[in-house]
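With the sequences and hints as input, model every part of the structure.
Protein sequence lines correspond, in order, to chains A and B.
Each step along the first sequence adds one to the number in this note's numbering, with nothing skipped, and position 287 is 287.
Each step along the second sequence adds one to the number in this note's numbering, with nothing skipped, and position 236 is 236.
Don't read these hints as lab results, they were simulated from the structure.
Careful: at least some of the hints might be erroneous.
In silico BS3-like links for lysine-lysine, alpha-carbon gap of 27 angstroms or less [claimed, not checked]:
no. : chain 1 : residue 1 : chain 2 : residue 2
1   : A       : Lys130    : B       : Lys235
2   : A       : Lys185    : B       : Lys75
3   : A       : Lys34     : B       : Lys235
4   : B       : Lys235    : A       : Lys131
5   : B       : Lys235    : A       : Lys136
6   : B       : Lys83     : B       : Lys235
7   : A       : Lys295    : A       : Lys260
8   : A       : Lys34     : B       : Lys34
9   : A       : Lys28     : B       : Lys39
10  : A       : Lys239    : B       : Lys39
11  : A       : Lys167    : B       : Lys83
12  : A       : Lys295    : A       : Lys310
13  : A       : Lys277    : A       : Lys295
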Amino acid sequence: MKILMITALLATSTAFAESKSSTLNTIKERKVLKCGVSSGLAGFSAPNSKGKWQGFDVDICRAIAAAVFGDPDKVQYTALSAQQRFVALQSGEIDVLSRNSTFTLTRDTSLGLNFAPVVYYDGQGFMVRKKDGVSKIADLNGASICTQQGTTTELNLADYFRTNNLKFKPVVFESNDEVHQSFVKGRCDAVTTDISGLAAQKSKLKNPDDYIILSEIISKEPLAPAVRHGDDVWFDVVKYSIYALMTAEEFGITSDNVDKFLKTKNPKIKRFLGITKGNGKALGLDEKWAYNIIKMVGNYHEIFERNVGKQSPLKLERGINALWKNGGLHYSPPFK
Amino acid sequence: MRFWNDRKNRAIIYQLLSLIAVMALGLFFYSNTKANLEKQNIATGFHFFNRVAGFEISESLIEYNSEDSYLRALKVGVLNTLKVSIIGNILAVILGVFIGVCRLSKNWPLAKLAQGYIETIRNIPLLLQLFFWYALFTEILPGVRQALNPMPGVYLSNRGVMLPSLEYNPVFFYMGVSVIFTIILGYFLKRYAKKVQDQSGKQFPHVLYTVLVLLFLPLLIWLVGGMPLEFNLPKLQGFNFSGGVSISPEFISLLLGLVLYTSAFIAEIVRSGIQSVKKGQEEAAKALGLKSYLVLTLVILPQALRVIIPPLTSQLLNLTKNSSLAVAIAYPDFVNIANTTMNQTGQAIELISLIILVYLSFSLLTSLFMNWFNKKMALVER
Chain A
1 MKILMITALL
11 ATSTAFAESK
21 SSTLNTIKER
31 KVLKCGVSSG
41 LAGFSAPNSK
51 GKWQGFDVDI
61 CRAIAAAVFG
71 DPDKVQYTAL
81 SAQQRFVALQ
91 SGEIDVLSRN
101 STFTLTRDTS
111 LGLNFAPVVY
121 YDGQGFMVRK
131 KDGVSKIADL
141 NGASICTQQG
151 TTTELNLADY
161 FRTNNLKFKP
171 VVFESNDEVH
181 QSFVKGRCDA
191 VTTDISGLAA
201 QKSKLKNPDD
211 YIILSEIISK
221 EPLAPAVRHG
231 DDVWFDVVKY
241 SIYALMTAEE
251 FGITSDNVDK
261 FLKTKNPKIK
271 RFLGITKGNG
281 KALGLDEKWA
291 YNIIKMVGNY
301 HEIFERNVGK
311 QSPLKLERGI
321 NALWKNGGLH
331 YSPPFK
Chain B
1 MRFWNDRKNR
11 AIIYQLLSLI
21 AVMALGLFFY
31 SNTKANLEKQ
41 NIATGFHFFN
51 RVAGFEISES
61 LIEYNSEDSY
71 LRALKVGVLN
81 TLKVSIIGNI
91 LAVILGVFIG
101 VCRLSKNWPL
111 AKLAQGYIET
121 IRNIPLLLQL
131 FFWYALFTEI
141 LPGVRQALNP
151 MPGVYLSNRG
161 VMLPSLEYNP
171 VFFYMGVSVI
181 FTIILGYFLK
191 RYAKKVQDQS
201 GKQFPHVLYT
211 VLVLLFLPLL
221 IWLVGGMPLE
231 FNLPKLQGFN
241 FSGGVSISPE
251 FISLLLGLVL
261 YTSAFIAEIV
271 RSGIQSVKKG
281 QEEAAKALGL
291 KSYLVLTLVI
301 LPQALRVIIP
311 PLTSQLLNLT
321 KNSSLAVAIA
331 YPDFVNIANT
341 TMNQTGQAIE
351 LISLIILVYL
361 SFSLLTSLFM
371 NWFNKKMALV
381 ER
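So this is what it looks like as structure tokens:
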């Protein structure tokens with residue numbers, strides 16, 4: 001797969017140079033959005049029993065598709081491993097990467113990517129067995145720790161243990177499933193990844209009560225979708241599709257009540273929903289793009305709650321992922 | 001005759017043209033990729049080699065920590081790949097020859113057992129076998145605190161096998177030197193033995209003498225050196241054992257998987273080699289009154305080896321290349337570490353080229369050695 005993509009990077013490069021003009025036009029002509037997601041992370045992106053992709057990251061793809069086509073189902077999902085994801089984006093296999101990827105300086109600069117707004121503020125944590133009596137990270141001195149390859153976690157882990165003069169043995173797997181199987185079987189004393197990922201895995205375990213997620217967090221992991229560097233038109237579309245989710249929550253617009261808001265007198269909401277025209281044209285989209293997102297996918301609150309929040313098996317708190325006015329970090333620029 | 005009507009000249013022209021075409025294609029790919037990478041703002045080049053790697057590696061033959069450079073991390077990977085390949089190849093050949101001989105045994109159950117082994121092992125994908133051995137290891141063996149202790153100082157748990165290690169003493173160095181000395185001595189004794197036999201027809205038991213020296217010289221040095229024998233025993237400390245040497249379950253599973261898989265193929269190669277020697281050869285050798293082990297070592301094997309070596313080389317190469325499946329079961333081989341490096345630096349093309357280059361050099365070196373060995377064993381025509 002990886003080799004294939006690199007070959008694609010080599011061979012299709014001429015085609016690339018020509019089509020570079022506009023990702024948005026290519027997508028419109030193709031009539032489907034190609035979205036890269038995780039190959040299986042409960043709550044974020046995983047196929048359901050009917051084989052339909054579901055989750056937080058998937059809903060971001062659906063929101064973008066709703067903005068572009070007015071149809072959230074016009075998405076072609078590509079399941080990518082942590083290893084493959086950036087190469088897939090670079091080589092043009094996918095249009096947008098929505099795969100719980102951490103926004104970092106190196107990735108932003110040397111991978112030829114641009115990161116869209118952060119959709120989920122996360123941090124790296126640890127899951128341990130209750131019977132081991134571990135209550136803080138310092139108790140893990142000398143432990144074997146399972147983790148997945150191709151993530152920022154390997155680096156954070158080494159940094160943190162080194163700074164705190166702790167020792168550990170990394171056991172690094174290529175696939176996430178193998179990481180968790182090995183942890184459950186006892187090959188490792190702890191497993192580490194982002195807290196959201198740990199919650200997702202814990203929800204899938206046979207007896208989740210035998211495990212605890214330590215409250216300490218060793219890193220900042222702002223998870224954000226990414227697009228290729230150099231196409232600002234497409235970058236703007238992705239950026240504002242995400243901001244629209246937050247703005248809708250701020251206005252209190254949900255998928256259920258969005259139609260009522262069409263009769264609103266609030267000029268801000270009129271502009272947002274495209275009753276007052278302008279925003280759509282500026283982005284190269286239909287004027288009803290924001291309306292379509294909210295009507296078809298929902299606002300940020302709805303997406304959060306149904307996939308990872310209280311209504312889901314993950315039961316994550318909003319915490320710093322609340323809107324700015326509720327004490328969180330999500331803050332959308334004004335839609336004017 | 002015109003210049004291009006000469007067959008030789010035409011051949012040269014054709015070859016030149018195709019060479020130019022291939023080179024132009026390569027140049028096109030290179031410049032095109034470079035331009036596109038630049039346009040997309042993707043970093044290129046090997047400057048990242050000297051940057052700090054930042055990640056830890058679970059097992060290493062050389063000193064390594066997360067503050068070392070990427071280059072050193074990659075070296076650790078190369079050495080880990082070499083470790084599993086070299087040990088794996090040696091064990092696979094030994095096991096393969098043994099099973100191949102069993103397969104031809106006149107003992108019916110033994111032959112059938114060997115056949116069953118070969119057919120089962122070589123018909124299951126290697127990756128599956130690796131998962132199987134790894135799962136078996138982590139599933140069956142107890143946790144580290146309930147580690148099995150079959151012998152004093154030896155512990156078995158799902159963290160691997162812990163063994164006592166010998167405390168280093170300068171006497172061991174001299175013992176090592178004596179072994180090398182004995183091997184050189186053995187070579188000269190062999191030449192002397194041949195000379196004696198050529199001149200007088202008498203046999204000089206050079207093997208016996210070499211083995212005796214090999215056994216007693218190091219022992220003598222050890223006794224004179226004051227019989228140093230101090231063990232560093234593994235002790236349970238917190239989450240894991242400290243002291244002694246530990247062999248990780250990842251290494252054991254990978255080695256086991258590779259050795260068993262490859263040995264099944266080698267066994268078939270050995271069988272075909274032995275069967276290719278005509279029966280008359282054995283009968284003739286026996287008629288000359290040679291003992292049965294001499295029949296095997298002087299008549300059958302030298303002829304069988306000629307058939308065995310070329311396909312055996314392929315199997316040795318396969319084992320080395322297959323070791324790159326290590327990443328599935330968390331053994332830090334070269335591909336595993338190159339993958340992590342690729343992810344952290346984003347320089348996929350450079351690292352994939354590096355992976356290709358490293359495996360190509362391993363394979364070419366193995367081929368070179370085996371071709372030399374093949375030539376040595378080949379039929380000497382007079």
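Tested hints:
Note on Lys130(A) and Lys235(B): the hinted pairing holds, with a Cα-Cα distance of about 24 angstroms set against a maximum of 27 angstroms. Restraint check for Lys185(A) and Lys75(B): the C-alpha separation of about 31 angstroms exceeds 27 angstroms, so the hint is violated. This hinted pair does not check out: Lys34(A) and Lys235(B) have alpha carbons roughly 54 angstroms apart, beyond 27 angstroms. A distance of roughly 21 angstroms separates the Cα atoms of Lys235(B) and Lys131(A); the hinted pair therefore holds under the 27 angstroms criterion.
The hinted pair formed by Lys235(B) and Lys136(A) meets the criterion: a straight-line CA distance of about 24 angstroms does not exceed 27 angstroms. Taking the CA atoms of Lys83(B) and Lys235(B), the gap is near 26 angstroms; set against the 27 angstroms cutoff, the hint holds. The suggested pairing of Lys295(A) with Lys260(A) holds, with an alpha-carbon distance near 11 angstroms, which does not exceed 27 angstroms. This hinted pair checks out: Lys34(A) and Lys34(B) have alpha carbons roughly 25 angstroms apart, not beyond 27 angstroms.
Restraint check for Lys28(A) and Lys39(B): satisfied, since their Cα atoms lie roughly 24 angstroms apart, inside the 27 angstroms limit. A distance of roughly 22 angstroms separates the Cα atoms of Lys239(A) and Lys39(B); the hinted pair therefore holds under the 27 angstroms criterion. A C-alpha spacing of about 25 angstroms is found between Lys167(A) and Lys83(B), which places the hinted pair at or below 27 angstroms, so the restraint holds. The suggested pairing of Lys295(A) with Lys310(A) holds, with an alpha-carbon distance near 22 angstroms, which does not exceed 27 angstroms.
A distance of roughly 18 angstroms separates the Cα atoms of Lys277(A) and Lys295(A); the hinted pair therefore holds under the 27 angstroms criterion.
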